[in-house]
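Hints are included, so try docking the two chains, each in its own frame, into the full complex.
In order, the protein sequences belong to chains A and B. For the first sequence, position 247 (counting from the first letter as 1) is numbered 1158 according to the working numbering, and the numbering increases by one without interruption. For the second sequence, position 33 (counting from the first letter as 1) is numbered 41 according to the working numbering, and the numbering increases by one without interruption.
The hints are simulated quantities; they were obtained by calculation from the structure and are not laboratory data. Owing to the predicted nature of the structure, the values given are computational and were not obtained by experimental measurement. Treat the hints loosely; a few may be bogus.
[What the hints assert, rightly or not] The calculated label-pair distances, taken between Cβ atoms and stated as ranges, are: (1) Glu-1341/A <-> Ile-21/B: 56 to 64 Å; (2) Gly-73/B <-> His-913/A: 33 to 41 Å; (3) Glu-166/B <-> Gly-1167/A: 41 to 49 Å; (4) Lys-1281/A <-> Asp-158/B: 30 to 38 Å; (5) Asn-116/B <-> Leu-943/A: 47 to 55 Å.
[Claimed, not checked] Here are the computed lysine-lysine pairs in the DSBU-like style, where the Cα-Cα straight-line distance is at most 35 Å: (6) Lys-124/B <-> Lys-1487/A; (7) Lys-1363/A <-> Lys-25/B; (8) Lys-86/B <-> Lys-1380/A.
Beta carbons: idealized from backbone N, C-alpha and C, even for Gly.
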Amino acid sequence: MHLLVCGGTGCKSSASDTIVENLKAELEHNSLEDDVQVIMTGCFGFCEQGPVVKVMPDNTFYVRVTPGDVKELVAEHIIKGRKVRRLLYENPETKEPVSDSKHMGFYRKQIRVALRNCGFINPENIDEYIARDGYSALAKALGELSPQQAIDIIKKSGLRGRGGGGFPTGIKWELTSKFEADQKYVVCNADEGDPGAFMDRSVLEGDPHSVIEAMAICGYCIGASKGLVYIRAEYPLAIERLKIAIKQAQEYGLLGLDILGSKFSFDISLRYGAGAFVCGEETALIHSMEGHRGEPTVKPPFPAESGYMKKPTVVNNVETYANVPVIFNKGADWFASIGTEKSKGTKVFALAGKINNVGLIEVPMGTSLKEVIFEIGGGIKNNKEFKAVQTGGPSGGCLTSKHLDTPIDYDNLIASGSMMGSGGMIVMDEDDCMVAMARYYLDFTVDESCGKCSPCRIGTMRLKEILDKIIKGDGTMEDIDRLRNLSSVIKDSSLCGLGQTAPNPVLSTLDNFMNEYLAHVKDKKCPAGRCKSLMIYKVIPENCVGCTACARNCPVNAISGERKQTHFIDTSICIKCGACIERCKFNAIVIN
Amino acid sequence: MSSIKVELKQCEIDKIKEICQSFNNEPGELINVLHKAQGHFGYLPAEVQEEIALELKISVAKVYGVVTFYSFFTMLPKGLHPISICTGTACYVRGAEKVLDEFKRILNIQVGDTTKDGRFSLSCLRCVGACGLAPVVMIGEKVYGRVSPDGVKDILNEYS
Ligand SMILES: Cc1cc2nc3c(=O)[nH]c(=O)nc-3n(C[C@H](O)[C@H](O)[C@H](O)COP(=O)(O)O)c2cc1C
Ligand code: FES
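If we strip away everything but chain B, and leave its shape as in the complex, we get (with noise of 0.2 Å):
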């Protein structure tokens, strides 16, 4: 997993603290530190990582471990409006593969990549529940669902 070199603010630091505590330190809540500290920071770089290693008192292999374990971690920063693309059965059956090839073709970037101007990034998950509506596109938190390669473009300008 590549990642980049970020410098933590003392502010970030103190946030990671106060985060750490709220779980009272306690090594076992890892995985909820975790959530919510990529939660406030979008993703979670190596420094984030460290420091956190340092508040749980756990070594940072263990937290980087962790990290690289859960595919809903990310050590890259998504994008302004991070695209994902359900590839549940459902959707896989009812033609989410040519959705994503249109994605791909139009914002001309692989799945895990974020477009230059850092306002698309593109991935994949598996089943949003609404396997009704397949094959289903998420932009942030808003479900599209019944989206057509022909209908990628609309959605996408919708954001422009």
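Bound conformation, chain A alone (with noise of 0.2 Å):
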């Protein structure tokens, strides 16, 4: 009998470890510990319902399990071989518990190409990696393909990279191959930028060796003996996974010298990110490695013909190596069989914000956004209206209930006014403000700027300024009119990925949005009630009793009257904190 115990950094942050830790302590007190393993794998998908433990070979799926649970689930399942109902998921609807995951809304969609052993194995232990057919496909590039062959494999596949531009992976490697050079570099892009989302995280904490033997196939399809993994610095807990990973295959001869009795040496090293977006652009991501300011470069030349160290290099994503192996091992037409037809296989995404469950997940390509957000997503939070989804990141937009039908792919993407990104994918509710969110991912934008190149370093500043006036309610109808002018101006004329994508969100919101806008711009308010300049707060005379409550906890006292009074709020001195509402016990004061 196998315990897994989710190890993902969600799981962790509630105590994962020492549910790990109780539960080995409990089996020994039971002399149990032979009979039944505690394993601490990988993130599970279900972060919403974590910390999650799945008994295994029975498959009984335990959800926000505590440390305090684990007495009840060593006595009750293992020794009594009952399962603990109340920590079982409940299913929604029928309020029934769940006890398989296979039956779980959050699941049945799924299709797990990329995550494949996340969850299911210890990311510890190489052996287990190997159990499940890892290496295997290294093997059998180095074995039985020339690296022309390989790379064919990879091209027939269909496989888009996964950072987000959707390159051709098969042809950057055949591109790279073809440039003679006495050294050539193989790179992981692991700086995931985008925030709130936590794909390439989760494989690299739950599969490492999955990336490390892609990284190798790579080197042997370019001529590369060398790799590199550019990780954030923020990610102590992936990166320490990696460097066992990198050990345990350094010891087992799958890196190093002459892998596999081939003539082919292949090793990797870990460089570390520093906390700039703009590093997972990848010029800039090779110029930080190299030990500079990760400013981008104007591409060409690519860094298939001068990378790293002026040599050629392959850059790919995480999530693109983890697919690598798979269609090795299952083959290019197993591959291109799933997706549609001008996006292969499957993307992970990371679906987080207003959504019941907040997770990890990956899908077919192809799968519509109303399938992930109200099937896998189980619909919004409190029973909230869905007002926008926003792919892509910083780089991307938000869209409406109109592309929930849209399959999920590249070019459907771009075509709605959005992008695929890496995988973030935030939900957005009815106490949204889509004007506040388009300022948000300015004000990100603003910040990450490397200042390089003017219109994105001085156009972001300029956006978030008007921005900001249209949120504090002195916008005008012009000012509408010099978002979209300044915009298509920064679009066309920067120099990276970051300045050309960044006024997306802008866009697609003035595109979707427009009501919102004009609330804001026109009638001074906004329809979501979050921007807080725009906000008015007034005493209800019929509710108000006069008990004084508000006016003594104003800290500016704005609030006048006498006591058994109805009282008064000056706007002008009003600054909108909020106390006086939370001290009302007579809902006397409304914001307006």
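And the structure:
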């Protein structure tokens, strides 16, 4: 029997470490430690319900487990063979407990390719990876295929880059293989800068060997003997697991000199990011790895020709690599049978925001937004109204209810005014103000613009200032035109992808939520009630009993009134802190 | 970026030398050197940067340029308990701003500052990868999930 405990960042923050310790202690206490193994795995995906504990082989899926539940879990399930009903997932509609994850709405529509091992194996044990066909793809490539044949398999599979751009991976490898050089490099982009996305982190935490194996295969294909992983310093757990995995692969002779008795040598080292979004862009990433400021440079030359240390370099995303070994194991045709005509395979998304089932999901390309949000995601939190879903992070756009039936793939998302991006998907409800959302992303790009080119450095600042003005209630109709004009200039004239896509959140909210902009500009109102400057606090005279609680608690003395008399808020002094509403026991204060 | 003056002791200079040597004094390893140095000193005052420049045989301007480019590096010491509020998108839509305001109010400092007694410092970061627990706050290595403005006081009380 096996007990799988989720060791992803989310569940670890909710004490899954202690759960593992308690389980081990409790099993030992019952002299069961030889019969039941406790394994800490990577992310199961269902973060909303974490910490998750799965009992194998009977596939029982316990949710929201706490260290205090361990005793009962062992006594009931392990010893007496009875499921602990109160820890099972409850079907939100029927209120029935569900014990097998296969029958949960969250998992039913998912197909796990890149995440195939996450939540199944102990990422710190190479044997478990090998037991699930690990490193057989590398063995096959080295033993049976020429580099060109291996590249052809990737080309045939139709795999496209999962880091955002969607460039065909096989073609990238082929291009790089054609350049002659004494040294070439394989780089893994694990910078994952999109705020609110955690796909790459989960792959590295849950299945680091799949990335290592794929990088070695890539090295064989293009003729490189050195691999580098550029990983954010903010991901200590992923770094730790990756280090362990590299060391184990070296010990097993799967990295190093003459791998598996072939003439092919390959090794991997780590480079750390230091908190700069633009370093996710491949040329900036390369400069950062060389020890410089992470500023992008003009392409061409592409990294395929002149990358790290001016040598031919392949840069691929973590998830792109995670797909590679399966393609060799199950065949290019199998992979190409999943997905849509131009986008093959699956895509991992980090579903977050105002959605019931926050988590990591993997669906075939072509799944509709509706399926993702309402079936897998379980709909909007607190039965609120769905308003928009943001994909592609700061480079992407907002999609609305009219896009719900759009099948998700690279080209459809771009046609709808957003983009795939790396896989962040943030769901918003009726309480979110779309103007404030656009401003939020601009705030991000202003912060992260490296400053090298002026359209991006100055232009994004101006965009943000205009949005600030609108949010404060000082906007005019000309400002809206200005937003559009400036956006198109920034898009056309910025040096790198950061600037070229920075106006997207503004443009897509202008396209889809013009009414909200108009409400801010013309009526000086925020329909979602989120923009502070546009709120007005008012006393409802009928409800006010004159208890003076509000006046006593107002930090700026904006409220006046005698005892037992109706009070009055001076809006010119009010700072809209909300202290009065909190104190009023008679619902006598409202926000307009 | 403001900074404070420090005087390096001989042992500290030796430590910097040792860090640089562990990367073979390779200028290309500058970022790794800075990571290690910040890990040791807690921050990167100008004097440490000068010493690193000397060791790696590059200009101080180059080191300073890199330090100020990356938000991970800081030239100011952090508090004993560094507080980081996640302002990634998932946390933002679930109310991170209000949580941040509450921290600012209680501690009476702005983002980037340290309290006078040196106990707490406040900063923002973008996504710690625990979006399921949004809004998320980190104090030191510890992650707090589903934080509400009302819960801020209790969290701070754990450190008093
Ligand atoms: C501003 C900006 C940020 C980016 N951030 C990332 C990132 O965090 N992770 C990533 O894999 N790719 C990122 N990219 C895309 C990379 O430049 C590059 O296209 C990608 O790593 C190539 O790998 P792929 O073909 O496997 O997707 C970013 C691009 C831009 C313009
Ligand atoms: S956005 Fe806060 S943890 Fe991801």
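Status of the hints after comparison with the structure:
The beta-carbon spacing between Glu-1341/A and Ile-21/B, approximately 60 Å, falls within the hinted interval of 56 to 64 Å. For the pair Gly-73/B and His-913/A, the beta carbons lie near 51 Å from each other, so the given range of 33 to 41 Å is not met. At about 46 Å, the beta-carbon gap between Glu-166/B and Gly-1167/A stays in the expected band of 41 to 49 Å. Against the hinted window of 30 to 38 Å, the Cβ-Cβ separation of Lys-1281/A and Asp-158/B comes to about 35 Å, which satisfies the hint.
Taken as a hint, the range 47 to 55 Å holds for the pair Asn-116/B and Leu-943/A, whose Cβ atoms sit roughly 53 Å apart. Note on Lys-124/B and Lys-1487/A: the hinted pairing holds, with a Cα-Cα distance of about 28 Å set against a maximum of 35 Å. Straight-line distance between C-alpha atoms of Lys-1363/A and Lys-25/B comes to about 33 Å, which keeps the hinted pair within the 35 Å bound. Under the criterion of a C-alpha separation no larger than 35 Å, the hint pairing Lys-86/B with Lys-1380/A is consistent with the structure, at around 34 Å.
In the structure shown, a violation is registered for the earlier hint numbered 2 alone.
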